Amino acid sequence: MAGNAQQAVSLLKKIARSVIDVGIGAYVLNSSLYTVDGGEKAVLFDRFRGVLEETVGEGTHFLVPWLQKPYIFDIRTRPHQFSSISGTKDLQMVNITLRVLSRPDEAKLPTIFQHLGTEYDEKVLPSIGNEVLKSVVAQFNADQLLTDRPRVSALVRDSLIKRLTLIYLSDDVILLFDGDLAQ
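In numbering that gives the first Met the number 0, the protein residues as written are 0 to 182.
Treat the hints with care, since some could be wrong.
What the hints assert, rightly or not - Mimicking SDA-like on lysine to any residue, the simulated pairs with C-alpha atoms at most 20 Å apart in a straight line are: (1) Lys-68 to Leu-51; (2) Lys-133 to Lys-161; (3) Lys-133 to Leu-165; (4) Lys-133 to Ile-160; (5) Lys-88 to Arg-148; (6) Lys-68 to Phe-44; (7) Lys-107 to Arg-162; (8) Lys-68 to Val-50; (9) Lys-40 to Tyr-119; (10) Lys-133 to Arg-162; (11) Lys-161 to Ala-106; (12) Lys-122 to Arg-75; (13) Lys-13 to Asn-3; (14) Lys-107 to Lys-122; (15) Lys-107 to Asp-73; (16) Lys-40 to His-60; (17) Lys-107 to Arg-77; (18) Lys-40 to Tyr-70; (19) Lys-133 to Leu-90; (20) Lys-122 to Lys-161; (21) Lys-40 to Ser-169; (22) Lys-122 to Ser-83; (23) Lys-68 to Val-27; (24) Lys-40 to Val-50; (25) Lys-40 to Glu-52; (26) Lys-40 to Leu-62; (27) Lys-161 to Glu-130; (28) Lys-88 to Ala-141; (29) Lys-68 to His-114.
Unchecked claim - Distance ranges between label pairs, derived from CB positions: (30) Thr-117 to Ala-137: 29 to 35 Å; (31) Glu-57 to Arg-98: 24 to 30 Å; (32) Ser-31 to Glu-57: 17 to 23 Å; (33) Thr-146 to Leu-90: 17 to 23 Å; (34) Phe-61 to Arg-150: 49 to 55 Å; (35) Val-63 to Ala-137: 51 to 57 Å; (36) Gln-80 to Gln-113: 25 to 31 Å; (37) Ala-7 to Ser-31: 33 to 39 Å; (38) Ser-31 to Val-8: 30 to 36 Å; (39) Lys-133 to Arg-77: 20 to 26 Å; (40) Lys-133 to Thr-110: 25 to 31 Å.
Please keep in mind that the hints were generated in silico from the structure rather than gathered at the bench.
Being a predicted model, the structure only gives us computed values, none of them experimental.
For every residue, glycine included, the Cβ atom is placed at its ideal position computed from N, Cα and C.
With the sequences and hints as input, model every part of the structure.
Rendered as structure tokens:
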């Protein structure tokens, strides 16, 4: 009877050890995998080498736990809207709304991550949008903004593209421009 009890305890210890080993193995395997969804790219940060220059496309990928960490970027075209009350050349106040559809330059994602982080568009785009709007609106009279809208829109677009390519955003910016006189 003592021999059976000892065998049962030994069997239970082996089962417990096996369950613990399987659990640890599953945890390590789960920590070693990450998924990049469609419309996204990943930038890997390595604790020894820093930000790796190559980006990782969609799919499930391996990494070394603790040593590497993926940062996921949305590379789809996304809308951003800016409103600005700006002074015109004839000192009238105009309420301008600008809607920009932009996306990051995929080849420059490691540089964007190093200098601006993953929330680059929320940090940089509002200030650039307001700055461009104010500088362009200041060049025109209030009536010119309404009558010469295509020229104003083209000037805003050119200025915005010039500024956005400096921060590594794609230059295929789509711009929707709306303005009215502020009350």
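Of the hints stated earlier, which fail here?
Hints that this structure does not satisfy do not exist here, as all of them hold.
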